[in-house]
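Each protein sequence line maps, in turn, to chains A and B. Be aware that the first sequence starts at 1, since it is given in the working numbering, and climbs by one per residue. Be aware that the second sequence starts at 1, since it is given in the working numbering, and climbs by one per residue.
These are computed hints drawn from the structure, not numbers from a lab. These numbers come from a predicted model, not from an experiment. Some hints could be false.
Computed Cβ-Cβ distance ranges for the label pairs, DEER-style [unchecked claim]: (1) B/K207 - A/L404: 49 to 57 Å; (2) A/G278 - B/G22: 19 to 27 Å; (3) A/E285 - B/K207: 47 to 55 Å; (4) B/D79 - A/G278: 33 to 41 Å; (5) A/G278 - B/E36: 15 to 23 Å; (6) A/M119 - B/S149: 48 to 56 Å; (7) B/D79 - A/L318: 49 to 57 Å; (8) B/P151 - A/Y20: 48 to 56 Å; (9) B/D190 - A/N133: 50 to 58 Å.
For every residue, glycine included, the Cβ atom is placed at its ideal position computed from N, Cα and C.
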Amino acid sequence: MNKVNLILHAHLPYVRHLEYPKFLEENWLFESLNETYIPLLRMLEKLDMEGLGYHFSICFSPTLVTMLTDGPLQERFIDYMNGRIELGEKEVERTLREETECHDMAVRYLEDARTNLEMFERCGRNILIGYRNLADRNRVELLTTAATHAYLPIYKSHPTAIKAQVVTGLKTHERVFGQAAKGFWLPECGYYPGLDKVLYDNGVLWCQLASHSVISARDKSLYGGYKPVRLPSGLFGFPRDWSLTSLIWSSVSGYPCDSDNRDFYRDIGYYLPLEYVGPYIHEPEVRVFTGYKYHAVTGKTEDKRYYDYRKAMSKTALHVENYIYSIKRKGLALETCGIKDPIFNLCFDAELFGHRWYEGIKFLDLFLRRGMECKDIAFTTPTMSILDGNEYDNLYVNECSWGLGGYSDTWLDASNSWIYRHIGKALDRMEELTHRFPDQGSLKGRFLNQASREVLLAMASDWPCIMHDRTSVAYAEKRLRNHLGSFNVVYSSMCQNTVNTEWLINAERSSQIFPDMDYTLFDPDKL
Amino acid sequence: MILVNIESLSLSELRNIAEQEGISDSDVMDRDELVEALQEKYEEEDDAPDSDTNTRYLSGITDFRGMGNYVEGLPGVVDLPDDYADTEIHLVLRNCLWAYCFWTFSQKDADEIADTGRSVYLSVTIMADGKTEHFEVPAALGDNEWNLSIPYGNGWAEVSLVSGKGDERRVHAVSKRIQLIDPYWLRHEDEMKASDLLYRVYLSLLKTKEGAVVENQVVEDIVELFRKEDIR
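Based on the provided sequences and hints, a complete structural model is requested.
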């Protein structure tokens with residue numbers, strides 16, 4: 001039997017700028033909701049209603065669950081969807097007159113937008129309730145990650161910061177979902193020896209690991225990554241299967257690159273006249289994605305073909321068959337090597353499915369359906385794997401990640417290394433504050449808790465990652481400076497034993513995250 | 001930067017972007033000229049990452065679209081200090097063979113070093129497999145970061161911030177130790193041949209359908225060792 005742990009990771013950095021009528025980077029959330037989180041939930045619920053007993057794991061990061069449960073952001077998502085629906089109605093009409101090849105897709109986008117909005121309202125605007133219901137029905141295992149998705153290996157010399165990231169992440173999950181998470185997604189698969197103990201001591205049962213963690217470990221593995229890895233603390237690690245994930249993930253030859261798939265980049269927001277798309281792009285006249293995309297990947301050419309939905313869906317079905325064949329074939333090959341009942345850990349960013357890879361949700365749907373029809377494939381979750389099995393490797397895993405080269409180069413290169421001297425100093429000062437002001441309640445306690453939030457938000461792996469990828473660098477840098485600057489406000493005020501009340505009220509209002517923050521997590525004496 | 005993708009944009013898209021980027025005469029340029037102008041504008045590097053549907057945050061390509069100043073005026077944005085008042089040094093593992101080191105001198109220490117004509121050194125200590133090595137890396141007083149080569153092995157590395165004149169040395173700060181990467185298979189190459197089956201299992205987790213192995217120095221070194229064994 002080939003056991004498949006399909007593990008998705010849904011994460012976005014905390015972006016909430018109510019001080020602006022519209023904020024471009026908030027679209028990260030809205031696009032992901034409309035194109036991934038809601039369609040995925042619709043698909044999983046449908047499978048469940050059909051009585052299909054799948055098992056599936058998904059991590060919702062603490063920053064993402066905070067945004068998904070934030071009233072004003074939910075309200076803004078409604079506005080975003082109404083705009084998308086309004087544009088869709090225009091598109092349906094326009095494509096009757098011109099670009100008629102796009103009409104069917106315009107209708108589809110419009111219908112999907114309406115259905116997604118209905119579902120959003122039906123969930124009481126909190127789609128996490130839908131996922132929690134699936135978890136209650138034992139279809140989905142929900143896991144969490146570090147509070148602000150900090151890349152943890154870089155901060156290992158600050159154990160209080162690691163603890164604060166882990167504990168705050170777990171607390172947020174429990175507050176939102178009502179149950180403790182057994183699984184913990186290591187941000188960027190970043191692991192270092194000792195991190196397992198922090199997780200284990202806080203009640204975590206398992207985490208995922210980078211694919212090369214086994215071959216590069218300090219011990220000899222017997223199962224090569226096809227069984228769970230028991231780390232020194234007792235925490236279990238599940239190594240990502242790169243050979244199977246790369247069939248999807250590869251930016252060169254993965255299924256999403258198929259020339260018949262829908263192209264992500266060509267969007268009417270960039271090529272239709274401004275007077276037409278103006279109300280649906282960013283003011284003043286800044287062209288952005290609208291979500292209405294009618295072309296196929298085709299290739300690296302200007303002459304993109306129009307997207308043919310039926311053709312793409314047929315191709316997706318073929319991709320699923322190919323994927324299942326690859327799993328079975330691999331299982332047989334491993335059996336000849338003496339490994340029976342291998343566990344394949346397929347770990348992906350959730351936003352790949354539906355948002356960046358339009359056909360991705362359909363792929364998952366067919367994959368789960370077809371996989372469950374196969375006698376030699378069983379969908380499991382890591383927790384089930386631990387409870388079911390008694391075969392595992394005892395391994396001392398060296399530091400590793402899924403980033404460039406398998407270590408920290410993505411988050412520590414010439415573009416972003418400068419940030420660590422500032423964040424490190426803030427962490428030192430946070431520890432200092434816990435010593436100088438222990439057991440503070442009321443106003444000073446709130447002030448110190450806000451300082452903790454700011455330093456945690458500065459630690460997010462998203463900012464150095466954006467600097468490395470050179471996508472939204474100015475925004476990332478300003479966010480980082482913003483959080484560190486805010487931390488410094490608290491530090492300087494507390495050094496004078498004062499509280500800037502007006503600043504505190506504004507800061508608490510603008511970043512409504514981690515309401516149960518406890519600044520004493522940064523106290524080195526309480527490790 | 002998402003520049004590779006620029007080649008697949010249409011003429012009207014390229015014109016829109018060029019206009020936003022302030023490229024003059026963009027309305028009369030043909031497609032090739034626009035691509036060239038934009039590539040020049042963004043100083044595309046040969047090794048820039050390919051456009052990739054896996055890249056995050058594509059919807060907020062503010063810098064690419066000339067929106068870099070959009071977030072100006074966010075409340076709370078302040079300049080960070082160039083340096084802090086303390087003399088300290090930190091060492092972070094960057095990958096299996098390199099560590100990143102950064103440091104600060106307090107103004108008092110910096111003035112004293114300058115006034116007394118002392119030089120600055122990084123004193124690196126590496127303890128691997130029971131052997132300890134020390135070496136000194138000269139640095140300028142104005143420097144504040146360095147990348148240090150480290151070996152594989154069972155052990156650690158640390159670095160001290162030192163000033164000196166002649167043979168005399170003064171230690172100003174010492175970093176915390178970082179643990180070295182110590183892969184089993186790089187110290188058990190004799191077992192490789194006997195573990196042929198297991199070796200193939202290991203690699204089956206890491207290989208793409210094109211036969212490429214996941215990009216990682218340790219894996220590369222292990223594969224190289226195994227090949228050597230094969231030749232024997």
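Comparing the hints with the structure gives:
Between B/K207 and A/L404 the beta carbon distance is about 19 Å. The supplied range of 49 to 57 Å is therefore violated. For the pair A/G278 and B/G22, the beta carbons lie near 21 Å from each other, so the given range of 19 to 27 Å is met. Range check, A/E285 to B/K207: about 48 Å between beta-carbon atoms, so the 47 to 55 Å window is met. With their beta carbons about 36 Å apart, B/D79 and A/G278 fall inside the hinted range of 33 to 41 Å.
A hinted range of 15 to 23 Å is violated for the C-beta pair A/G278 and B/E36, which are about 29 Å apart. Taking the beta carbon of each, A/M119 and B/S149 are about 55 Å apart, inside 48 to 56 Å as hinted. For B/D79 paired with A/L318, a C-beta distance near 55 Å keeps the hint of 49 to 57 Å intact. Hint check: B/P151 to A/Y20, Cβ distance near 51 Å, so the stated range 48 to 56 Å holds.
Between B/D190 and A/N133 the C-beta distance comes to about 55 Å, which sits within the given range of 50 to 58 Å.
Going down the numbered hints, you'll see the structure goes against 1 and 5, while the others check out.
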